[in-house]
Amino acid sequence: PTKAFFRRCGFVFQDDLLLAALTVRETIEFAARLRLTQSLGDEERDRRVQTTLQQLGLEHCAHTAIGSEHTRGVSGGERKPPAVGAELVARPPLLFLDEPTSGLDAATALSLTSCLQSVARTNRMILVLSVHQPRSNIFSLFDQLLLLSGGSLAQHRRGAAPGLPASTQDRGQTYASLPQATQPLLL
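Residue numbers (my numbering): 202 to 388.
Any given hint could turn out to be false.
Claimed, not checked - Distance windows between CB atoms, simulated:
1. 241 <-> 319: 20 to 28 Å
2. 203 <-> 307: 38 to 46 Å
3. 273 <-> 307: 43 to 51 Å
4. 349 <-> 240: 38 to 46 Å
5. 278 <-> 351: 26 to 34 Å
6. 231 <-> 278: 19 to 27 Å
7. 324 <-> 240: 30 to 38 Å
8. 325 <-> 271: 40 to 48 Å
Keep in mind the hints are simulated off the structure, nothing from the lab.
Every value quoted in this text rests on a predicted model; they were computed, and no experiment measured them.
Ideal placement from N, C-alpha and C gives every residue a C-beta, glycine not left out.
Start from the sequences and build out the full structure, keeping to the hints where you can.
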């Protein structure tokens, strides 16, 4: 891959790598100033930041510091959406998210996943998520499913809300017979 390819991609790490002293809004504004072109202008950049805050449901904590182990800030469940927002504000055509729902309660995980689906469709983005043991309501939001086992392809399903019932067969292999180390990569 070239430098141009990497400039068009975003990546959200599993662990939140955010500056504790910044507020949620400042975190997304900082990312916007780094990732968006100068020609976009301050007004459009501010609009993009506000839209991202609204889409992620972060307006209520926009002026709260991120915080850390030592300083008070947003709750643990409120730390993941700003990390996603810091990448999402640039609307990269391809966005990788490593465990975006880990550490979130069921409602927050569903809300974040629904938001990601909506933003991806609206902005014609491709999202690649690694998710371990998603709840069925989250699982149903994915358009494609790629199961990996030992670093190799174990299963690939296309189409909206690909189901994965244990009793059905696909290409002659039952899902129940997939190896223990099988990990989902949801697209």
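Hint check against the structure, violated hint numbers in rising order: Violated: hints 3 and 7.
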